[in-house]
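Peer 1: Taken in order, these protein sequences are the chains called A and B.
Using the numbering used here, you'd call the opening residue of the first sequence number 1 and step up by one each time.
Using the numbering used here, you'd call the opening residue of the second sequence number 1 and step up by one each time.
Hints are computed from structural coordinates only; laboratory data are not their basis.
Check each hint, because a few of them may be wrong.
Claimed, not checked - Now the stretches of chain B that chain A is said to cover, found in silico as 3 or more residues with beta-carbon under 8 angstroms:
| no. | region |
| --- | --- |
| 1 | 186 to 200 |
| 2 | 204 to 213 |
| 3 | 318 to 330 |
| 4 | 475 to 484 |
| 5 | 635 to 649 |
| 6 | 668 to 679 |
Heads up, the beta-carbon is just placed ideally off N, CA and C, and yes, glycines get one too.
Number of protein chains: 2
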Amino acid sequence: MTGMANDVSDILPDFVRGARSDAERRAVASAIALPAHVVQAKGHGHAGTAMAMAPLAHVLFQRVLRHDPADPTWEGRDRFILSAGHASLLLYTQLHLTGYGLELADLAASRSLDSRTPGHPELGHTPGVEMSTGPLGQGVAGAVGLALAARRDAALHDARVWDPTVFVLAGDGCLQEGVSAEASSLAGTLGLDNLVLIWDDNAITIDGGTEIAFGEDVRARYRSYGWRVIDVADARDLDVLETALRDGAMRDGQPTLVALRSVIGWPSTAIGGTPAAHAGGFGAEEVAAVQAMLGFAPDAVLEQLVEPDALAWARQAIERGAALHADWDRQRSAWASANPEAARRRAALEAGSAQPGARGGSDPDAGDALALLDAIELPEQGTPVATRKTNGVVLQRLQQWGGLFGGSADLSGSTNVAVPGSAVSAIEPGGDFVHFGIREHAMAAMLTGIALHGLWRPYGSTYLAFSDYQRAAMRLQALMAAPVIHVYTHDSVAVGEDGPTHQPVEQIAALRTIPGLSVIRPADAAEVVAVWRRVLEQPDGPVALVLSRQDIPALTDASVRHADAAAGGYVAWQHGDGRAVAILATGSEVHLAIEAARRLAAEGIAARVVSMPCWEWFEQADEAWRDAVLPPALRARVAVEAGRGDAWHRWVGLDGRVVSIEEFGESGAGAAVLERRGITVDAVLAAARSAIAR
Amino acid sequence: MTGMANDVSDILPDFVRGARSDAERRAVASAIALPAHVVQAKGHGHAGTAMAMAPLAHVLFQRVLRHDPADPTWEGRDRFILSAGHASLLLYTQLHLTGYGLELADLAASRSLDSRTPGHPELGHTPGVEMSTGPLGQGVAGAVGLALAARRDAALHDARVWDPTVFVLAGDGCLQEGVSAEASSLAGTLGLDNLVLIWDDNAITIDGGTEIAFGEDVRARYRSYGWRVIDVADARDLDVLETALRDGAMRDGQPTLVALRSVIGWPSTAIGGTPAAHAGGFGAEEVAAVQAMLGFAPDAVLEQLVEPDALAWARQAIERGAALHADWDRQRSAWASANPEAARRRAALEAGSAQPGARGGSDPDAGDALALLDAIELPEQGTPVATRKTNGVVLQRLQQWGGLFGGSADLSGSTNVAVPGSAVSAIEPGGDFVHFGIREHAMAAMLTGIALHGLWRPYGSTYLAFSDYQRAAMRLQALMAAPVIHVYTHDSVAVGEDGPTHQPVEQIAALRTIPGLSVIRPADAAEVVAVWRRVLEQPDGPVALVLSRQDIPALTDASVRHADAAAGGYVAWQHGDGRAVAILATGSEVHLAIEAARRLAAEGIAARVVSMPCWEWFEQADEAWRDAVLPPALRARVAVEAGRGDAWHRWVGLDGRVVSIEEFGESGAGAAVLERRGITVDAVLAAARSAIAR
């Protein structure tokens, strides 16, 4: 029946089973009542899942999760990711009850400007939040990446001390999203048995019962991925939940799905089990009824919903955490003594991860990452080489450093990210690279999880055109400033024969719109190395490295200095004072720009070419630099880029000219397609003359 | 073992079984040999899958598919979508052999500029191609949408005559992509038994054997979705293939997966079964060996690979198609005679679909679509109303017309697309709307399939922030100029409390970068109605309707004429000659702009406000209109939009000012977030003064 899910008629009066004391029972009652009360008081927010999953969250935070409320980023902790981010009150309530410093006033202020309790959990904003979530499915895929990194850590460093369990809570929405399906399939193949996915099987979505659009057998699906499935028929029994979670966390070679039948909005009888329980208040009367049912006064105010004894009981989590933490400190010391080499390697990695310029990496004797970069021999002047190839050389060299971890979505050869070593697999958890499969979206989202783990800079690779599959994950990592490196090759219609579906046209412009993502398109081998230096030195958010499939020459007349490329834009070629016209370009088009500028110079025109590998960096450069590169008085400006050009008017203005590609490409030889789409020296020349003439 | 898939040792000499004549056998031999030869001759392209799947394609085109080579768009045809688009030679070879007009010279010219045989199949470019494919997974989801539309057609019009079977061929890549998983799950729930998904189970991807990243049990997964699975252990036996396809096409309430074990690059022994068979030539020697194995001269040239008898046999497909077509014409006439009412309704729909301005729709007596639009009563002046609400009214009214078909990704209430009627389901195939589930990507891709079916204008809806999940599908529909309507509500940080994950900032700018997509952001109820008129009148590609969550006022001083809004930009408010400063804006920000302009006017400054609901349309407007709206000499310009602003410099130049949002939002009341992010009348005013002062 649409609109009604699991049966709620049998839930009373024994609303929670398995509490070991009255105080524990009262703590659970508080955890259920708080979200109902807060949402009703505010008139908006999501209470239904926070109520129904309160016993589960209670068991996690009080019985199962290794965590230390006094030190939310304790390295030895297990992880809990709330993929169903709208149920943020579920998490905030536990962070209050177990002593992370969130107070009732914070809960009451949820979803208000400057509160510590935003509508969806935000990493870095609230202690105890492991990942920003909200867009559905992303938390599941992030958890898979985190579990993958954690398992590699344990494998490479011979230590159960570095072996957390990753728990993730997902609703039907998360499991309908393709990104979670992709990641879950890979988790099964890789045998990530440190991962427990808890599915809130409440049979309800916003538009109605799940049967309207989600009739599949989720348990069978997860079994088909190679997961173990633990069925929990009753989400209200603490002991049953504890057993399921502990069983799920067992290292038996398979990730685990804990399928938890529940009733959204439980224990409300009027709203529970209906789509109306998803969002918004349940009504004053119904909240009063719920409070009464839970043993509170029907008219209890917020402060009365957490009784002193219950809070005192719940706050024992602090002592429990301190004990776990102290015990872990001892284990870690014992491990370090027994495994000095592994400890040294890991410490170096940890140092390198935060500060790649320092000596670090899995093989510190190989020198630090920047020294490895410096040692790369650039191709001979006059030897054209694709920037994807130079990038491949960089990745191979950096393997010696060991501070990177990533792979490809089934294009390791074409994107030149194949590095020596072994692939990560169920039997090779410490492998060197990841075959993500043909799963661009999950790859991007898993890279976020690897970044959250924190030991390695994650990278992934595919064709630039397929960045379209990844944007939802990239946006979230930009929001978290996760320092992920996206390697995108085949960066224009110069891809050629594969045709318009594989030829990016709008992707560079579209990626530049994501706040906090640095889009970097180097123009030759030297720029590739130079931009990598900044990427390693300043891991302050995700970057997209946009690289050519085709060979392109070296910038023969420019001696590319790291500082120049790292400034995002610099004068790569100039005649005279270069004040007659400026031609701005990125990547392969810089060479067209220089050729056009040379022809102008032959006529005595003082042209300059500005290579702008990264707009975002150029914006961050100081004004004096920017004005020197692009003198404000120099208004005859041309931009050339083999992609959509509107945003280039930011740099060239109304009077400037933009040589760009405004429509899709076509199948044919790359050079022929470029020419047909107007990316030619002649076009740049004509544009320059026109800009000068105005 | 990585790099080797299914065993190829037993394939000789009986390379094809089940041919009913030597001529048929020779036709199959040609179909295998042609791709191998062509790719080797060109040095690039994809032969492996085209070779291995040649018997399957042969059986489809010669025995199973209802098609008419002389009339590729015959309405009664079955559909075949090649989701594994890189295997385009598989399709082109059949289009040659069965007489669609592709010649050997076309095959030889494949992947060349202006050839009829681009690298990936392109709709509208090559007769017989049903959908542009290439980005993996999209063809599967498109096929699900097409099957859904076809089944609805049959259900609503009581006719098996309108009941094609949709076949789609996918590789491992397609099945690893989340978009295919989402669509397949929904296909199972909806019981689309007119859909046959053929999986080329060759156990190989580009980076190695599928075990490296795809260890799941695909058959079990599809069973978990509610699909029937037919296993074919040998992809070389024509009779076995025919039986499997015919069984798959049976209407038994479930979609069918035909799992076809194959050897990529078969019958090559040296390259077959390895990742090297995916792309590139097999080498002259190996191609010679393959040709010999198939009974051709080792050094046979292209023309010798299709023997006259074999071609004559294959071209019997033309007669077979003509007979099917003629028979269908008779059935159609009989149906029309027996079901005059259904025939009248369908004819009206067909006419309306192509030309919504004409009287049409499922209930022609309700008047034509445009009349329905004209009859919508706009809110009282001074009554603020969210554009999503007005859009909802439009959708409800157009239900009477019946020319739209779509739904929502579990947000039908919030996006105001809930229309009266029943949901499509397994038992209600003719339902009025689709619950796509929480599957934004599959929704978008399925809308493409509905558009390809051609009877209805498809629409979908979600929050604007989640358009990020859909871009790969939107790009493909832009490439095909598929007239899909994307309804995106909650269009700025004014979303408020749900916070930055749900607040779009970069999406409007990012969508504008997709060539051929019209991004439309109306500023009030009148503009909503006006832009719908153009959307219905000119179905020339996908559109994104970007709508507010919050109430916004009516443009009281502007009498919004359809022609103005349909021009993409017009003067919505003006003081004096409006030549002192122009303030450009879209959507909710138009009202801020007007308030700022009023204040300037109070000081005697001749300000104008330009509402620009659609940049793409404005670009297409004639120059005189554009110059009247934005006089070239008027250089004091300001743009205001609650999102990333770089591209607005295209309209305001270097001297202009852009009031925009360059970083993510935050959780809080919508109005407070807007203010904190600088979208205020004061900010617009200051920008205008600054622009004037320059």
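Peer 1: Now look at each hint and say whether the structure bears it out.
Peer 2: Hints versus structure:
no.	hint	verdict
1	186 to 200	holds (count 3)
2	204 to 213	holds (count 7)
3	318 to 330	violated (count 0)
4	475 to 484	holds (count 4)
5	635 to 649	holds (count 5)
6	668 to 679	holds (count 5)
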